[in-house]
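> With chain Y fixed as given, assemble chains S, P and D onto it according to the hints.
There are 4 protein chains.
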Amino acid sequence: MTVRIAVIGAGIMGADHARIIAGDLPGAVLQVVCDASPERARMVAEECGARDIATDPLATIARSDVDAVLIASPDETHAALTLAAIRAGKPVLCEKPLAPNSADCLRVIEAEMRAGRPFVQVGFMRRFDPSYAEMKALLDDGTLGRAVLMHNFHRNVSAPANFTGLMAITNSAPHEFDVARFVLDTDYTSISAFQPAGVDASRAGAPVFMVLETAGGQLVNIEVNNTAAYGYDVRGELVGEKGSVFLNAPVHARINVGLKSLERYAPDWRPRFAEAYRLQNKAWLRFVETGMPWPVAANAWDGYRATLTAEAGVKALSNGARAVIERAERPAFYRH
Amino acid sequence: MTVRIAVIGAGIMGADHARIIAGDLPGAVLQVVCDASPERARMVAEECGARDIATDPLATIARSDVDAVLIASPDETHAALTLAAIRAGKPVLCEKPLAPNSADCLRVIEAEMRAGRPFVQVGFMRRFDPSYAEMKALLDDGTLGRAVLMHNFHRNVSAPANFTGLMAITNSAPHEFDVARFVLDTDYTSISAFQPAGVDASRAGAPVFMVLETAGGQLVNIEVNNTAAYGYDVRGELVGEKGSVFLNAPVHARINVGLKSLERYAPDWRPRFAEAYRLQNKAWLRFVETGMPWPVAANAWDGYRATLTAEAGVKALSNGARAVIERAERPAFYRH
Amino acid sequence: MTVRIAVIGAGIMGADHARIIAGDLPGAVLQVVCDASPERARMVAEECGARDIATDPLATIARSDVDAVLIASPDETHAALTLAAIRAGKPVLCEKPLAPNSADCLRVIEAEMRAGRPFVQVGFMRRFDPSYAEMKALLDDGTLGRAVLMHNFHRNVSAPANFTGLMAITNSAPHEFDVARFVLDTDYTSISAFQPAGVDASRAGAPVFMVLETAGGQLVNIEVNNTAAYGYDVRGELVGEKGSVFLNAPVHARINVGLKSLERYAPDWRPRFAEAYRLQNKAWLRFVETGMPWPVAANAWDGYRATLTAEAGVKALSNGARAVIERAERPAFYRH
Amino acid sequence: MTVRIAVIGAGIMGADHARIIAGDLPGAVLQVVCDASPERARMVAEECGARDIATDPLATIARSDVDAVLIASPDETHAALTLAAIRAGKPVLCEKPLAPNSADCLRVIEAEMRAGRPFVQVGFMRRFDPSYAEMKALLDDGTLGRAVLMHNFHRNVSAPANFTGLMAITNSAPHEFDVARFVLDTDYTSISAFQPAGVDASRAGAPVFMVLETAGGQLVNIEVNNTAAYGYDVRGELVGEKGSVFLNAPVHARINVGLKSLERYAPDWRPRFAEAYRLQNKAWLRFVETGMPWPVAANAWDGYRATLTAEAGVKALSNGARAVIERAERPAFYRH
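Chain order of the listed sequences is Y, S, P and D.
When you line the first sequence up against this note's numbering, it's residues 1 to 336, in that order.
When you line the second sequence up against this note's numbering, it's residues 1 to 336, in that order.
When you line the third sequence up against this note's numbering, it's residues 1 to 336, in that order.
When you line the fourth sequence up against this note's numbering, it's residues 1 to 336, in that order.
By construction, these hints were calculated from the structure, which means they are not laboratory data.
Just to be clear, a hint being listed does not mean it is correct.
Treat identical chains as interchangeable: a pair holds within one or across any two.
[Unchecked claim] Result set (DMTMM-like, lysine to aspartate or glutamate): computed pairs, CA atoms no more than 25 Å apart in a straight line:
1) Lys282 <-> Asp24
2) Lys242 <-> Asp268
3) Lys260 <-> Glu134
4) Lys242 <-> Glu263
5) Lys260 <-> Glu275
6) Lys282 <-> Glu46
7) Lys136 <-> Glu329
8) Lys242 <-> Glu110
Looking at chain Y on its own, in the form it has when it is part of the complex (with noise of 0.2 Å):
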């Protein structure tokens, strides 16, 4: 029984899921590439031998001959594509954001809870990074001890073309928020953000830090800078009552030369995290086999917590003061 699935987007996202889904996932076939570019769909179905191509993403995701959707198209057609796809019974692997706004990730909670099963996956694959997974499994099996504080960094070399003022907060930093929620296993209570003075706040790519409050009693803090320039650079350091724990990246080769010892970091995320979407994609096309979601993977629910607690981001920052996060109680049909 083979998973024909249809990828829509085709841009450095949706290639990735592309090659990963032909290459890497048996079961799976790549059936359609769609993108409002035939030239990039036909481009990305080449290299990967996808058996169609389409332009139009709501044709696509009613098509018989396609089972489950990988949604890697524009922020602001997310949650459109995915009611599409709950509507049309289709399991979904939507890239993060599941909206730009919370309001229509609540419109996606609502159809997914009256389809009565789950179809949402959402894509924040550093749930499956082996070394989230080895910090959680720390705190889980009580090396460290209660949490106190997390510490969390996120560092690109240079913002996105398309980047804007807040992006860091509304686009990149919503990685930190579902990956330390689900690690530290609790939701947000208030924000605060700051932001070096010297910068140009509507600059893209300018640095935020955030230091957030969780239910858990935690503190958890977020740098984000998308204009760090010295490498792609994640780390993370989660400190409980009786230890800490770094993530390490995997980096193959120490290298002397010219009176350095050196460790090389990648222009973008796609090493540091290849192995994550390999493991996520695998554990969604199980999750689209069987109609069990996966433990360990984010759905709509965590979806619209990542995109309140954005939301929450950019008042603080406006004003200068602490945000509070509204809480609300995770639905039971989201509790697996």
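Below, chains S, P and D alone, put in the same frame as chain Y:
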């Protein structure tokens, strides 16, 4: 077009290969798991969803519903089963060693050359490990300058139960013999072997230290220490005229606890080389599909040279003197 | 020309200073060890070969056979003893803080300025630590570009016995307040303070997290965690527009044992900062000999700013809001 | 009671020793700097505040205002000057080697034993390096179990101008010969030596690899590579039956810049071993003051064994065969 694979041998290695074939190789099907013990075969077959089990390896190789054969049976059966596969016209991935003695390796080479096309890939998976790949790339792109020395360290917690005196040279070291030849793109001309006087040389796992000279003018040093106690640890450094490079093992977390900052070793090789096995088997599947050997993969000639080097190493240790390793030109058949 | 030094206070800090003076400072003589407890004074004096002991600090400062005074008595006595030394015309190395409140610090400043020449060095020894020195050099030589963020982590195994609720801010953090000001060559304009909700804030050693804004436009983040359990650990990273730098602590060995690769933490600060104390005291001796303050040393103004920042930090934590730190121009007297 | 020291030889080593004596050793006075070149002597004397300069080493040793002698003159003068100091009844710290040939070392030993008390400390400063000290402590306290192998790597950017062919063995390796003997508390029984065929063995700085067997049953491997290009780098690992330990060099910063995470190497040995020299000279001053050799310091016997081992190494390399190192019991005089 799906490739139906028989795995022969359902021990630790065979089971790992079965998992990779079933879980990570689109285009492959785990057709048969064959083991002298039907219980063992069944256990692995059930875990991985194999279509059938068997106990007779020759009959398994001959089955018309088997397209390719992965040999993970005891070392002394490797050559005979590989020869059977060649006769049956079926591609083979043979776990190392190709054979425990060089004469049997030569028999495989003759059969394969007579058959007129390549059938055999040898399971020297380190060639696919990202850290060795990066080491080789840094040599090939000139970063390190001309190679001068290579230091290799191969340590196990304790020797496997079936280990006897010289298997450090004949069973463990071939991994280093092969990967250093591969990285340096040369071959050995001599080997010297030393053993700490304080250890009982007949004892399984007694450490051995070897110094090899290459046709390219380098020294290749190898410590094999199967009683290293502290963890599975493979290290390596390549020293060139302009710089050097160390292999990094994948480690996902750094833990602070109890007055220590620590990273953990696994008790065996699997986490260290999981990615190498996956990539190796993927490359082999391409070879099966296309008939074209994967460029970096080890072939029967490489298997022969590793076994020949081990034989010289045994002689060097017993004589306490440098042993010459007979040179031979790689046949054109094996240049790819 | 030998400098005869009185050490006032023979606790842990005073004893360490006595050892440095006696064992590592050519040109210095340990003339008197003074402590309220004559036994404690005698013990340190005997270990270090001091010429005399005493119990009255003011009388000790006044002795004609004492050329300079090192103050390592309890915090609340620092200002009064420093003032006495200024009156006696004798140079002082005063352990931090210069005084627990900023008003007393200002009194020292007034007295020193009235005296017309510098007498006071404050024991912010981190300025002499080779790792902070290298961090600062990398900023000053342009390697890092303009400074944007500085992350500071100050962790102890457990809080000292005499610690009470807010001493994380008033006693521990001043080291970070001072060294970040020093590295960045700026001063603070505001401080925000957070505490994990799960800890009892009145408990000694409860962790505190602070975010400071600087006149130079940087954010300075400080974790003080005196109940970190796993070891004494001071970390720091300075992030600039072109790169970042981490402090490395001195660690002499990496140990492989018991499935771990580990480095050891000391239970307290002494091994981490031994070299910094030695270099600081050597610089102070030069100051005593020449009358010229050592360029990187902390003076009374620096001591005042650190205490003022701590006072604002206490206010910020109790109000749950950003506290302004009153700016003031560094007097010309303290620019060297 | 002040010790008046003459430094003989004002080259790089002599100047460093003069700085340590003048700046870091309370109780010592830099009385004379003696060098064949009066300009060189004057330069060092002025920098360090020496009381006098001289050009005649024998006359300097004989001066009544000189209590002890530090010999940092060219290697071939070491033995004669050390003998002169013994005759004058003055303690000596002699830079390594004690003499370039073992016969001269034996002459020093005879003279010292005839004199009836110890006078000579040899400048094998690595015994005082904190990383070797920790390595030895981990062996001595049982953490590592019984020692099995020791790997040593000694790399320079480029060979000193005065280097000729075999000085890798006779001049560089003695540091490793001595420190491995010291750490393992044993002596050598044989040495084998190898050289990469691709290098011109007569060329200064050609790399050499040595394997030594010890009376304690260990293998000691040594790479000396004086043309390593990338930096001054001394590494070492001691492998025991229960675990292993690596030396850590002091590095104060880790820098992220230009797609690299890097630590810097110094171009020469001074930063790596600054602390070892300081502690060595401090220990020697105690020896001068008390007449009791410092427990870990190298004495004339150790100097002799290092030179004898180097002589065997030269023979082993030229013969291409294991060379026996003649055993001899350490005289009671040298057991302390």
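> Each hint needs a verdict: does it hold in this structure or not?
Results for each hint:
1. In this homomeric assembly, Lys282 and Asp24 come within 25 Å of each other (Cα to Cα) both inside a single copy, at 8 Å, and across copies, at 9 Å.
2. Within a single copy, Lys242 and Asp268 get their C-alpha atoms only as close as 34 Å, which misses the 25 Å cut-off; across copies the closest is 16 Å, which meets it.
3. For the homomeric pair Lys260 and Glu134, the shortest alpha-carbon distance between copies (15 Å) is at most 25 Å, but the shortest distance inside one copy (31 Å) is not.
4. In this homomeric assembly, Lys242 and Glu263 come within 25 Å of each other (Cα to Cα) only across copies, at 16 Å, whereas the closest approach inside a single copy is 30 Å.
5. Within a single copy, Lys260 and Glu275 get their C-alpha atoms only as close as 29 Å, which misses the 25 Å cut-off; across copies the closest is 22 Å, which meets it.
6. For the identical chains of this complex, Lys282 and Glu46 are neighbours both inside a copy (22 Å) and across copies (20 Å), given an alpha-carbon limit of 25 Å.
7. In this homomeric assembly, Lys136 and Glu329 come within 25 Å of each other (Cα to Cα) only inside a single copy, at 22 Å, whereas the closest approach across copies is 48 Å.
8. Proximity of Lys242 to Glu110 under the C-alpha cut-off of 25 Å is found in neither arrangement, the shortest distances being 41 Å within a copy and 46 Å between copies.
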